[in-house]
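Visitor: Below are the chains, spelled out letter by letter.
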Amino acid sequence: MNKSADNGAPVLELDGLTVKLGRRTILDQLEASFSGRAIGLLGPNGAGKTTLLRTLLGFYPPTAGGAKVLGRDLSIEGKQIRAEIGYMPESDAFIANITAVHFIRLMAELSGLPSESALERAHEALFYVGLGEARYRKVGTFSTGMKQMVKLAQALVHGPRLLMLDEPTNGLDPPARKRMIDLVSDIRDRGTSRIILSSHLLGDVETVCDEVLILKNGAIADSCDLEADRQANKSFVEVDLETPNDDFERAVAALGCEIASLEPGKLKLVMPAEVSTRELWIAADEIGVGIRRLDLKRDSLQDIFLRAMEDH
Amino acid sequence: MAVYERIWRRYEGELTPLHWRGAVITKYALAEAFSSRIFAAFYMLCLLPTVIGVFLVYLSHNVSLLEQVGLTKEFMGGLTSVFFQFLFLWQALPAFFVAVIVSPSLIAADISNNALSLYLSRPVNRRDYVLGKMAVLALLLSPITWMGGLLIFILQAYLEGNHWGIENWRIGMAYFVGHLTWIVVISLLTLAISAWVRFKPAARGALFGIIFILSGFAQAINAVTDTSMGDLIHLTRAIVNVVMSIFGGPTHGDLPIAFNWFTLAATCVLSIWMLHRKLRAHEVVK
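Chains as they are written, first to last, in this note's numbering: chain L, 13 to 324; chain W, 19 to 304.
None of these hints come from the bench; they were simulated from the model. Heads up, a few of these hints could be off.
Said to hold, decoys possible - Below are the DSS-like pairs computed for lysine-lysine, each with C-alpha atoms no more than 25 Å apart in a straight line:
#	chain 1	residue 1	chain 2	residue 2
1	W	LYS296	L	LYS32
2	L	LYS150	W	LYS45
3	L	LYS228	L	LYS32
Claimed, not checked - Under 8 Å between C-beta atoms, here's a sample of chain L residues computed to sit facing chain W:
#	residue
4	GLY77
5	PRO101
6	ASP194
7	SER197
For glycine and all other residues, C-beta sits at the position ideal for the given N, C-alpha and C.
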């Protein structure tokens, strides 16, 4: 799998990126590099996710540091970067009194498509997002879910190399949310366009993204490569013992497990791929300690996120 | 690819030049303006002064036709500068109404639903956007103002001969510079209002307010202070004086023409500042 942009450069490089609005520091010395097919921006409300996207689009000038998008320097190639991006903003964004196909065609032409190609792709994009039957309706008459879809259509109509999606499932009911996530996943799987997905919904990011940047108060709280973690196939086990027991901890450590004590008698173990839960049961039996609960699971994004929120 | 296949693919075709994107904004806004038949009909009416002007110039040089209707070549006292000044006014006035009708929706429609973020996330910057919108007004107003005016001037110069065009160059210059100045001022002003006032009738009211109420206020200042200082905020007087000075005709008030130019320039600068403040990719909430 190609893990960088088409030109071989990382999709996103942050080099001490700092953004201040007024006296307030919104983004504080962000330093990271991402090359995955889909990059997730996670964080609580006000963490700086949207500001980061807007900065990458050139809406805010960096106060210090810089960034590269698709290998292009943000400070000197802003227009070229925007030519290769499709942006779906978080809030409503449309022209109310024109038809959907007219609206999408306008956006396609602004992105550089000749008029006829723009019209053709406007129809395609609207069918792709499921608005084919509604394409001659005025956008102002659309429901919230349809407006989200039309925003997605305008973002992808020109076939950008990078899609920036800011809270794409906002305001959607569960079926519409699933459809949106399916569409984004489909675009990711085709591999012709990279995705930066900003969301505070862990499930959306976990489903779509293979790299995650977690922001808190404008700083990087954590970043992880979900795809690498998935491929490493690590197993995580939560064990509740009947009584705290140091011998059991030493025994599982001898098996190669990493141990984190949540509280006395409660352990969280990271197991190597070759160790199974059966060996934990045997160790407990040999030591003579009872196991009240043994919960096997992968380290979910939720765990990573919560840990990042606690640590920072 | 057939649309029913519902497949997304990357665009592999050619792209238009980057500097051409502002013209897309102009194209769509023009199409939007002429989607109203009432406006299209009104616009045709706005061409009437030019058509009448062309007819009168032609008539004044067609002796046989004049004789048939019982008139002489001097029926209008000759086509003096006053005729062209009168014609200028009847071209500028409809142009103002066209601007009033079209401009309120030019920017307001994009701002009211946050569409600006979609424009500006593409290779279009704020300058391209404003120039694209200004071009709409320039394209609409030019045929009914300076283009029509110059057509009449050239026709008159051609039919009159004897170096009439050279001797009366001020008329041609007044049409060109005067109308263009008016177009720039009124375009920037109406766009600025469109950016700040989203409700169309209110935007139109604000424009009338600036033009007419401010004029009244300026005259009140003149009366109270017994000076012409009120003319500094008198937009219509400023443009009339500028145009009359180019025509070589009499101007109103005691202020030198440079002050009238200053009024027009200040209006443009203020409008640009208002546009700069309001045209952002996102709403700034304090």
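Visitor: Are the hints correct? Go through all of them and say.
Guide: So, going through the hints one by one against the coordinates:
1. With a C-alpha separation of about 20 Å, the suggested pair W:LYS296 and L:LYS32 falls inside the 25 Å cut-off, and the hint holds.
2. A threshold of 25 Å between alpha carbons decides the hint, and for L:LYS150 with W:LYS45 the separation of about 19 Å falls inside it, so the pair holds.
3. Among the hinted pairs, L:LYS228 with L:LYS32 is consistent with the structure: their alpha-carbon atoms are about 15 Å apart, no more than 25 Å.
4. Checking L:GLY77 against chain W: minimum C-beta separation of about 21 Å lies over 8 Å; hint violated.
5. Interface hint status for L:PRO101: upheld, as the beta-carbon distance to the closest one in chain W is roughly 5 Å, under 8 Å.
6. Interface hint at L:ASP194: violated, since its Cβ lies 12 Å from the closest Cβ of chain W, which is beyond the 8 Å cut-off.
7. Taken as an interface hint, L:SER197 does not check out: its beta carbon lies about 12 Å from the nearest beta carbon of chain W, beyond 8 Å.
Hint compliance for this structure: hints 4, 6, 7 are not met, and every other hint is.
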